[in-house]
Amino acid sequence: MRRAMRLRLLLLLCALLMGGAAHAVQPDEVLSDPALEARARDLSRELRCMVCQNQSIDDSDAPLARDLRVLVRERLKSGDSDAQVLDYLVSRYGEFVLMRPVFSW
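First residue of the sequence shown: 10, per this note's numbering; consecutive thereafter.
Source of the hints: derived by calculation from the structure; they are not laboratory data.
Note that the structure is predicted; figures quoted are calculated from it, not measured.
Among the hints, a few may not be true.
To be verified - Okay, derived cross-link-like pairs now, SDA-like style, lysine to any residue, Cα gap no bigger than 25 Å in a straight line:
1. K86 x M108
2. K86 x S41
3. K86 x A44
4. K86 x L73
5. K86 x S100
6. K86 x L45
7. K86 x G103
8. K86 x R54
9. K86 x V106
10. K86 x L40
11. K86 x E46
12. K86 x R50
13. K86 x A71
14. K86 x R101
15. K86 x E38
16. K86 x P43
17. K86 x V34
18. K86 x A47
19. K86 x Y102
20. K86 x R75
21. K86 x D42
22. K86 x D68
23. K86 x A33
24. K86 x M59
25. K86 x P72
26. K86 x D96
27. K86 x L107
28. K86 x R48
29. K86 x D70
30. K86 x E55
Please build the complete structure, drawing on both the sequences and the hints.
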């Protein structure tokens, strides 16, 4: 009886932990070019969701995070470098949009 209860709790815990590993990127957001998509995912992991604040836009389901993921992909498709994409977003949202903002006094 106790073993069954422990097993159920363990399975529930595993399910909860595995659920958090899913990314918020929707299939319609994914770029057809694998190299551009990889760059977009890398950039999305570096950018903070301004709604959630403790999640990257890659992990967040917030509408603003989706908008930013789409914007990142649009800028990459138009030929922007990774640095140009980050600079553009920092100019619009400030350093706080970076998951690791530049430390300054």
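So, going through the hints one by one against the coordinates:
1. K86 x M108: holds (23 Å)
2. K86 x S41: Answer holds: K86 to S41 is near 10 Å, not above 25 Å.
3. K86 x A44: holds (11 Å)
4. K86 x L73: Roughly 20 Å separates the two Cα atoms, so the pair holds.
5. K86 x S100: holds (20 Å)
6. K86 x L45: holds (7 Å)
7. K86 x G103: Satisfied, since the Cα-Cα distance of roughly 23 Å is no more than 25 Å.
8. K86 x R54: holds (18 Å)
9. K86 x V106: At roughly 21 Å apart (the allowed maximum being 25 Å), V106 and K86 satisfy the hint.
10. K86 x L40: holds (9 Å)
11. K86 x E46: holds (10 Å)
12. K86 x R50: holds (13 Å)
13. K86 x A71: holds (23 Å)
14. K86 x R101: Since the Cα atoms of K86 and R101 sit roughly 20 Å apart, the hinted pair holds (cutoff 25 Å).
15. K86 x E38: Holds - the C-alpha atoms of E38 and K86 are around 12 Å apart, at most 25 Å.
16. K86 x P43: Distance of about 12 Å is within 25 Å: holds.
17. K86 x V34: holds (17 Å)
18. K86 x A47: holds (12 Å)
19. K86 x Y102: holds (21 Å)
20. K86 x R75: Holds, at roughly 17 Å.
21. K86 x D42: Within the cut-off at roughly 9 Å; holds.
22. K86 x D68: holds (21 Å)
23. K86 x A33: Holds, at roughly 20 Å.
24. K86 x M59: holds (23 Å)
25. K86 x P72: Status holds; Cα separation ~21 Å.
26. K86 x D96: holds (16 Å)
27. K86 x L107: holds (21 Å)
28. K86 x R48: Holds, because 11 Å separates the two Cα atoms, which is no more than 25 Å.
29. K86 x D70: Holds, because 23 Å separates the two Cα atoms, which is no more than 25 Å.
30. K86 x E55: holds (18 Å)
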